[in-house]
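S.K.: Now for the letters of each chain:
2 protein chains.
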Amino acid sequence: MTTTDTTAEVDDPIRNGVDTATLFATLDAVRQAPEAARFQFRAHNQWVSGTHNRGTITDYYGVGQERSHERTFVFDADHPAVLVGTDHGPTPVEFVLHALAACLTAGLANIAAARKVRLTEVRSTVTGDIDLNGILGLDPQVRNGYRQITARFTIKGNAPAAKLRELLDQSRARSAVYDIITNGVPVTIQVDTP
Amino acid sequence: MTTTDTTAEVDDPIRNGVDTATLFATLDAVRQAPEAARFQFRAHNQWVSGTHNRGTITDYYGVGQERSHERTFVFDADHPAVLVGTDHGPTPVEFVLHALAACLTAGLANIAAARKVRLTEVRSTVTGDIDLNGILGLDPQVRNGYRQITARFTIKGNAPAAKLRELLDQSRARSAVYDIITNGVPVTIQVDTP
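In order, the protein sequence lines correspond to chains A and B. The first sequence lines up with residues 106 to 299 when you count with this note's numbering. The second sequence lines up with residues 106 to 299 when you count with this note's numbering.
If you're looking for bench data, these hints aren't it; they were derived computationally from the structure. Watch out, some of these pointers could steer you wrong.
Where chains are identical, the list cannot tell them apart; a pair therefore holds if satisfied intra-copy or between any two copies.
Below are the EDC-like pairs computed for lysine to aspartate or glutamate, each with C-alpha atoms no more than 20 angstroms apart in a straight line [stated by the list, open to error]:
| # | residue 1 | residue 2 |
| --- | --- | --- |
| 1 | Lys261 | Asp297 |
| 2 | Lys268 | Asp297 |
| 3 | Lys268 | Asp181 |
| 4 | Lys261 | Asp274 |
No experiment lies behind these values; they were computed from the predicted model shown.
Model the full structure from these sequences, guided by the hints.
M.R.: Here it is, written out as structure tokens:
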């Protein structure tokens with residue numbers, strides 16, 4: 106411990122591509138003004154044909170004002186032919202798995218940076234098992250969504266395996282998407298039929 | 106009712122871009138062999154730098170065998186600068202909103218086609234309200250994920266408003282992503298630290 110603390114190495118504030126000085130400054134700013142942390146994220150969608158539709162992500166609200174991403178992100182979604190679609194994009198349920206992998210990975214990089222661990226590689230595969238007898242309405246005992254989701258991570262960095270596992274555990278404990286998927290969120294649907 | 110039933114119009118099996126003959130044939134096939142409906146979807150992810158990571162969606166299992174999408178879909182995820190990222194892609198939580206919009210829209214088109222309603226326009230905006238004091242670890246009373254999600258749809262087609270609303274309601278009742286988000290799914294995380 107002491108050896109590490111007294112190393113001559115300069116503590117570069119950029120670790121894992123994370124500007125830790127800005128990260129800690131942001132935490133301090135929110136500690137002073139908690140309402141800055143109230144965000145609203147948004148996705149817009151337009152139906153194209155059949156199961157093919159197109160999502161657009163650009164505007165959001167946060168830190169007290171309306172904001173926009175640096176560019177507009179556009180994502181097609183569809184079903185593959187085996188599910189009577191045209192395969193112009195992933196299925197909606199695949200985007201959920203992508204969101205979980207992305208959230209756990211981003212959190213891991215931030216937490217590792219804050220705890221002075223340098224990561225060299227993070228890879229993951231998230232799988233979701235689903236019985237489509239649910240959404241097809243063929244078996245009332247089967248739920249519509251995934252029965253279970255499994256995330257498998259490979260993590261490499263300059264810390265013992267136990268420490269790397271601990272970082273991922275902390276990322277899970279602070280993951281927005283993990284919370285959404287495991288605990289659920291109330292959803293309200295409104296419809297305008299001009 | 107009778108007037109509609111006896112109209113001279115040929116019943117085109119392609120409605121809303123949905124091949125209803127194939128849709129009903131698929132339902133019949135699964136009714137005969139329910140195990141065909143067991144799918145596993147997957148998302149792969151590789152960390153790039155900081156909160157920037159890249160998801161890949163290509164392989165899945167379904168109808169008794171390993172399958173691949175017609176092409177590999179790649180999606181960057183990131184945080185915007187205001188959340189100490191580089192804005193190379195949407196945030197993970199925005200992908201969740203996109204997934205919900207896409208799932209409800211695809212289901213709506215299928216259900217409308219099956220019930221002989223021609224849609225002319227479907228647009229939606231899905232919003233999610235989140236207090237980032239949760240993921241920042243600054244307030245233990247605040248959850249990590251969305252507090253609430255709202256989906257607002259505009260639907261146009263050749264049916265009365267009440268019918269269009271009923272179609273969306275049925276889409277919600279059979280939506281995989283709506284079920285995942287509102288009811289939650291157990292998630293297992295495994296880590297390999299070579």
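S.K.: Hint by hint, note whether the structure agrees.
M.R.: To see whether the hints hold, each was checked on the structure:
When the C-alpha separation of Lys261 and Asp297 is checked against a cutoff of 20 angstroms, the pair qualifies only between copies, where the shortest distance is 9 angstroms, while the shortest distance within a copy is 50 angstroms. Taking the closest pair of Cα atoms, Lys268 and Asp297 come within 20 angstroms of each other only across two copies (12 angstroms); inside a single copy the shortest separation is 51 angstroms, beyond that limit. In this assembly of identical chains, the alpha carbons of Lys268 and Asp181 never lie at most 20 angstroms apart, being 39 angstroms within a copy and 27 angstroms across copies at closest. With identical chains, the CA atoms of Lys261 and Asp274 are at most 20 angstroms apart within one copy only, with a shortest distance of 15 angstroms there and 46 angstroms across copies.
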